[in-house]
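Just so you know, the sequences run in chain order A and B. Be aware that the first sequence starts at 14, since it is given in the numbering used here, and climbs by one per residue. Be aware that the second sequence starts at 14, since it is given in the numbering used here, and climbs by one per residue.
Keep in mind the hints are simulated off the structure, nothing from the lab. Hints are not guaranteed to be accurate.
You can't tell identical chains apart in this list, so a pair holds if it fits in one copy or across any two.
[Unchecked claim] Okay, derived cross-link-like pairs now, BS3-like style, lysine-lysine, Cα gap no bigger than 30 Å in a straight line:
hint: 1; residue 1: K248; residue 2: K421
hint: 2; residue 1: K248; residue 2: K268
hint: 3; residue 1: K369; residue 2: K248
hint: 4; residue 1: K357; residue 2: K248
2 protein chains.
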Amino acid sequence: MSRSSALKYLEENHERFQNELIELLRIPSISHDPAHKADMDKAANWLASKLRSMGINSVEILPTQGHSVVYGEWFATRGGDSAPTVLIYGHYDVQSPEPLEDWKSQPFEPDIRNDNLYARGSSDMKGQTLASVNAVEAILKTENLPINIKFLIEGEEEIGSKHLNEFLASHREKLACDFSLNTDAGGMPDAETSSICYSLRGGASFILNIFGPGQDLHSGEYGGVIQNPIHVLSKLIADLHDENGHVTLPGFYDKVRKIDEEEHTELARLPFNDEFLLKHSGAPALWGEPEFIPAERIGARPTMEVVMFTAGQPKSAIPAKASARFSFRLVPDQNPNEVHQQFKQYLEVHMPPTVKWDLQFIIGGPGIITDRKSPEVLAMKAALQTAFDKEPIFQRVGGGIGAVLMFKHTLGIDSVLTGFSLYDDNFHGPNEKLHLPTWKKGMNALVHFFHNLTDQ
Amino acid sequence: MSRSSALKYLEENHERFQNELIELLRIPSISHDPAHKADMDKAANWLASKLRSMGINSVEILPTQGHSVVYGEWFATRGGDSAPTVLIYGHYDVQSPEPLEDWKSQPFEPDIRNDNLYARGSSDMKGQTLASVNAVEAILKTENLPINIKFLIEGEEEIGSKHLNEFLASHREKLACDFSLNTDAGGMPDAETSSICYSLRGGASFILNIFGPGQDLHSGEYGGVIQNPIHVLSKLIADLHDENGHVTLPGFYDKVRKIDEEEHTELARLPFNDEFLLKHSGAPALWGEPEFIPAERIGARPTMEVVMFTAGQPKSAIPAKASARFSFRLVPDQNPNEVHQQFKQYLEVHMPPTVKWDLQFIIGGPGIITDRKSPEVLAMKAALQTAFDKEPIFQRVGGGIGAVLMFKHTLGIDSVLTGFSLYDDNFHGPNEKLHLPTWKKGMNALVHFFHNLTDQ
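Okay, chain A solo, but in the shape it has when bound (with noise of 0.2 Å):
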């Protein structure tokens, strides 16, 4: 029994495991939408089969007030208590595939074609997932290392882990580990440079709702007398940046963690120079702070992005109401409630009384930053360099992860954050990607990573 023979079962079983995250894949498990219901079920289902498949006995599906968590725990029958337990989290729903007409295979038919599998989920994160599934099933089925195992696969990442915290409360004894591992923070910069994610942006989502008249009035009757609201929800939107791309929310950055000397002589090294984040948007130009480089102004510095407006019909009227959606990204120490208190406090000093308005705090929580030198993120550091021949990087990533987040809060335990996802994969967007060999790289990865711990 060896790191070799674990990694020999992975090369044997490679194409079924391809073909098992294809049939995932096929599952529509869209959180957000109730329609989804039954699908959720399904990949729920799929899941605690394929953990049971594997040999861990103790699978349950269990409940939350909203989508179920799969969960599954493997004891060591050596190393006693000296055995450290690794929390492994998974998330097994998916964005909304929407617009469809933008997919060049559907979202749900993956799609092999040059090395990628095309699906929704591919990447974030049902690939991922199964890349940590796999890795221990290679090791359990192959070796007998002293570690203890426990997965914890939700279905409510994509709609904001909504439910994830009052579970973690809830079922604290039977989680208690030494730490998480979470692949869901990818974002390889390519397929030759690994990551390790020390940084995770925490974020504050509103919903905006501006009412002007009491209905849709006649352009021509009303137009010259009744301000529009769209007029006036397109003003607070460009007034929230000045010219430089700073938010201008009074306090905003008060609480931001400055970059020091090190911090962006290291964030420097990462390869999000011009060319690489023009290619991979497909943007014309690139846009934000010019004080600060691409890498600092996506994982250490703050943002608000309108993700959606949504306005008026294809006729000559002024709208009853207007509305948008936005999503705030903070950085440590920023906390959500506070820019929740700024936003609101700034919307009542400009709002004109031509409309009455509501803000809604859809869901927020802090970014977080870890340490950079523990024992496990050190193995992780060996396994990259290993499995990759090349010295992974640190990187801050700019989206969050609420788990991570609450199982620093509420379990008390650090997450190692890695991932095999590459840059252009296209998280939430069309034709999210998986690309296989980076996938097979990362298993392996974990194989050592697993070794590394135990050290044997």
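Add chain B to chain A, keeping to what the hints say.
Same frame as chain A, but now just chain B:
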């Protein structure tokens, strides 16, 4: 034979007229929706049958490149060449009833509540169209006036009378007349006060598409380095008005006719005060150019409204695209093509390099001002005075009526513009209604009008 016999006929047949209107309103003749093509044909056939039933023999449904025109003519048996020919305009198409949930009764299931008939098209303008038709029926059935009547009832008013001009050009001889009667320019401020409109605003509609990244991008992965097209579009919209409600397009007001003291005084008589407009719009406050009174802002000043803003999804992504539909209302002597050029040039100057864009000119036409002292306008003024027992007001109407302009430019004729819709009838919005007692007085007024034309 006298006015009184025709008026008596109106009275005796009123219930039937009302039932006929309800029949016509049940047909969802939504011209912009191809799914309602059969309903369009049904409404046209209904009107043709109605005209035939009145004794108009030469009724035709004449094709256009789009929806058909219902045409009918009746020639006086006396009066000879001196009998005036009136071309009566109407339209049988309606706007979409969306959003359906805001209707208290179904838009195509007419419902009478408190003297009001609620249905899409009740006021704009199936009710108005049948008012003219019924008044002519009353005269034909009871009198022998030296007057020639032609009906032109189109099916494309709500989609900009797209094929009307071509139709007029190819039927010039058939349509020869002295002037047109158009009851689509309603907007009586209240049920006591009838009106004649002497000016209409024109318009110019555009769709502006802004393209940012090549696809929707995860707002965590890219927020801070890629410009959000919603923000770009919002800023453009915001900057198109100054803080006093003026449109900022360079040159936009250059050709706008000044309002002289006499006209200002007359417009100040209109009841469009703050209380009136607040009540009818349901808006919390009025808005607009402070140096003009509301009646001027609605009738004599040009405006820019964004009537639809569409972008994004309910997920945390920077959208690839943001779109807005712009509706400019123009006044004499603004030219829609010049406004198109002004808008395009403005966008060329102000669009940031972070996006690409296109601007589509959907439709446009200039505003008009007509003679307030012509014999037919004086005949209408006297008729309204008689039927409503109060001097009508002369107003400038903020909406546009393509037909009026085309009649002027292609047939060389002026239109007498009146109508019996009330200011709160909520054209184009939910719960459109027709005030039935006003509708009845309107029919009486039209009988007087035809008599006044012939002095009989």
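Evaluated hints:
no.: 1; hint: K248 / K421; verdict: neither (39 Å within a copy, 40 Å between copies)
no.: 2; hint: K248 / K268; verdict: both (27 Å within a copy, 28 Å between copies)
no.: 3; hint: K369 / K248; verdict: both (15 Å within a copy, 21 Å between copies)
no.: 4; hint: K357 / K248; verdict: both (16 Å within a copy, 21 Å between copies)
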